[in-house]
Amino acid sequence: WVGAQNAANMPWWTSDVVHDLGLTPAQTQKIHRIVRSYRDRLFDARNNVQKAEAALEDLLNDPEANQAGANQAAAKPVIDRLAEARANSTRVFTEMSIQLRSVLTIDQWRELRKRWSEVQKTRKGDTQIPP
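For the sequence shown, position 50 matches number 50 in our numbering, and the numbering has no gaps at all.
Since the hints were made in silico from the structure, they are not lab data.
A portion of the hints provided could be inaccurate.
Stated by the list, open to error - What follows is a set of in silico ranges between Cβ atoms, one per label pair, in the way DEER data are often shown: (1) Ser37 x Ala75: 35 to 41 Å; (2) Ser37 x Gln72: 14 to 20 Å; (3) Pro63 x Gln120: 38 to 44 Å.
Beta carbons: idealized from backbone N, C-alpha and C, even for Gly.
Kindly produce the complete structure, drawing on both the sequences and the hints.
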């Protein structure tokens, strides 16, 4: 679920999939509360990944990038920053996902997995990259 969710970059809790789960008002409220509690951390994590990717792009587009020694020395901190940012982004999203999963019953979980799989199959036909 986390892998599929993260790859699609589309939160299930705001998609049409959620309507088929039969969530109670209390469950919906808990889900919204969890998402709100993680919102800033998720935005920060995503922004840090984008900044690190931009730094890597700058490094790769540097006209002097073909100088092996200088390029390797400059690349290491950029690579480390990107790896750390991606790891943190995955960590934050996974923590939130575990909390969201705890709100669902086993039947709701199974329905979510089934429906999300259908959504993913449909999206694979899209030529657009998800936001």
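Hint-by-hint comparison with the structure:
Range check, Ser37 to Ala75: Cβ separation about 36 Å, and the 35 to 41 Å hint holds. Range check, Ser37 to Gln72: about 41 Å between beta-carbon atoms, so the 14 to 20 Å window is missed. Take Pro63 and Gln120: their Cβ atoms lie about 41 Å apart, and the range 38 to 44 Å holds.
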